[in-house]
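Colleague: Next come the chains, spelled out residue by residue.
2 protein chains.
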Amino acid sequence: MKKLRRSARIVDLTQYFLNHPQELIPLSFFSERYQTAKSSISEDIDIIHEMFVEEGIGGLYTVAGAAGGVKFIPSISNEKAKEELEKICEALSNGERLLTGGYLYMSDIIGDPAVLRQIGRMFASAFSQDEIDAIVTVETKGIPLAHATANYLNVPVVIVRRDSKVTEGSVVTINYISGSTKRIQTMSLAKRSMKEGANVLIIDDFMKAGGTIKGIIDLLNEFNANLKGIGVFVEAEGPSERLVENYISLARLEEVNEKEKQIKVTLGNFFDKER
Amino acid sequence: MKKLRRSARIVDLTQYFLNHPQELIPLSFFSERYQTAKSSISEDIDIIHEMFVEEGIGGLYTVAGAAGGVKFIPSISNEKAKEELEKICEALSNGERLLTGGYLYMSDIIGDPAVLRQIGRMFASAFSQDEIDAIVTVETKGIPLAHATANYLNVPVVIVRRDSKVTEGSVVTINYISGSTKRIQTMSLAKRSMKEGANVLIIDDFMKAGGTIKGIIDLLNEFNANLKGIGVFVEAEGPSERLVENYISLARLEEVNEKEKQIKVTLGNFFDKER
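Same order as they appear, the protein sequences are chains S and R. Under the working numbering, the first residue of the first sequence is numbered 1035, with each subsequent residue one higher. Under the working numbering, the first residue of the second sequence is numbered 1035, with each subsequent residue one higher.
So that you can see chain S by itself, here it is in the shape it has in the complex (with noise of 0.2 Å):
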């Protein structure tokens, strides 16, 4: 690249960082980059690290010693995370999108991408510290979410696939049973998608009695993983006992009254614990 003026360099390394969340960068690679004394970058990457603790996106982090670098952790603030949940919270209490068996219409939210980046870094932020190799998500709703908090996290996506009819190789297969309808289920997850003792994160757009998430959790045991953590899009407040602990929920789901047609869905514990 040619010798850049400050304020190009700081477009570029803005970018550069942006677009590769959770990697950590030695300095040496920036001043080959620009042909600039590392002095400079330190200073460009102060200026950027400002804006994007005062805009609430996230930091730059040093690691100091010749395996060092700098990293762009992503997160959000918890006034901006507050404020995007009030709006989808809004927009999921509409008796409109109510269905039948006290579910919620919500694909529309889920398929909307400037959502699903603030979910994404919601999600990245609970658990950034957690050293995640990588996410599982159950088919279909949770992939989007699953994937939105990848991009911030930098770790792959796992899909846990709800047959076993599968084009992909050998598979794990288990039987669990929905801890809502009580029905006997099938989830399969292919050999060759996670190695053995994985840190994992869970990801999955709606969580009612739990079944389904411990399910995952049963096939994840066959792969020697080590479950860091859980995140929901959405809790109902079931009548039964959970069968999950420790989760994360952006959002509640807490009055449904089908008959109505009114619900009211309400922020998640989310923000229930200091980070």
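Hints are not guaranteed to be accurate.
[Unchecked claim] Simulated crosslink set (EDC-like; lysine to aspartate or glutamate; CA at most 16 Å straight-line):
(1) K1225(S) / E1130(R)
(2) K1037(R) / E1089(S)
(3) K1225(S) / D1142(R)
(4) K1037(S) / E1084(R)
If you are wondering where the hints come from, they were derived from the structure by calculation, not from laboratory data.
Starting from the known structure of chain S, arrange chain R on it as the hints suggest.
Modeller: Coordinates of chain R only, in the frame set by chain S:
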């Protein structure tokens, strides 16, 4: 926001545009945000545009007039696309990926957020002039690719389901014949998932004879959608005639020798067209 130095303003402008692709933003929005004259912001925008073009990641385009503003249109340079796709083709050309029936194991590649960003930029580049309203894909493996593209085109993703016991309210269901296996299959799309007459782009992971995509097109006809384009990640050379024309493929599965476990994946038709 407090008044900023140019370098800090450029950090914020860069991240703002990257996080709001394909959105027309009036200059007045920025002049209020930074309490700075539009002329200074125009200069900032020129600097950012130049770097984006140099980096091959897109450009900032100005629309004049009262309803005007600046829009970030993401793209990828042919050079960069080729470099990335050659890496992907090499990774795919591994005999170990061969599955029964001539399918390719590629969940690891489709699960990698860094690869998905590049693929998304390629499809977004190819279709950025087509005024797409929605991206349509079919579960399961098309979903990450569709969302990666949506993230740059800034349009929603609509997911066609392969079963009809879907918790999405009333659905339109069709039967179709898989082009290669000649089996009757079912796909469904929730009625409320798409407006009548939308301009749609179909994105999928794999196309052999094209039966699945033909099925999606038939289903979209029920919604009076205008098909603006088709993008597939990998096309396979088949003995039979293609059911679908005018698609863009990023990679092409050319030779499959199940016995010898050899495959060859080359660049798709993405580069055949002038852009």
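Colleague: Now tell me if each hint is right for this structure.
Modeller: Structure-based check of all given hints:
The suggested pairing of K1225(S) with E1130(R) holds, with an alpha-carbon distance near 13 Å, which does not exceed 16 Å. Between K1037(R) and E1089(S), the direct Cα distance comes to roughly 14 Å. Compliance with the 16 Å bound is thereby established for this hinted pair. Among the hinted pairs, K1225(S) with D1142(R) is consistent with the structure: their alpha-carbon atoms are about 12 Å apart, no more than 16 Å. The hinted pair formed by K1037(S) and E1084(R) meets the criterion: a straight-line CA distance of about 14 Å does not exceed 16 Å.
Of the numbered hints stated above, none is contradicted by the structure.
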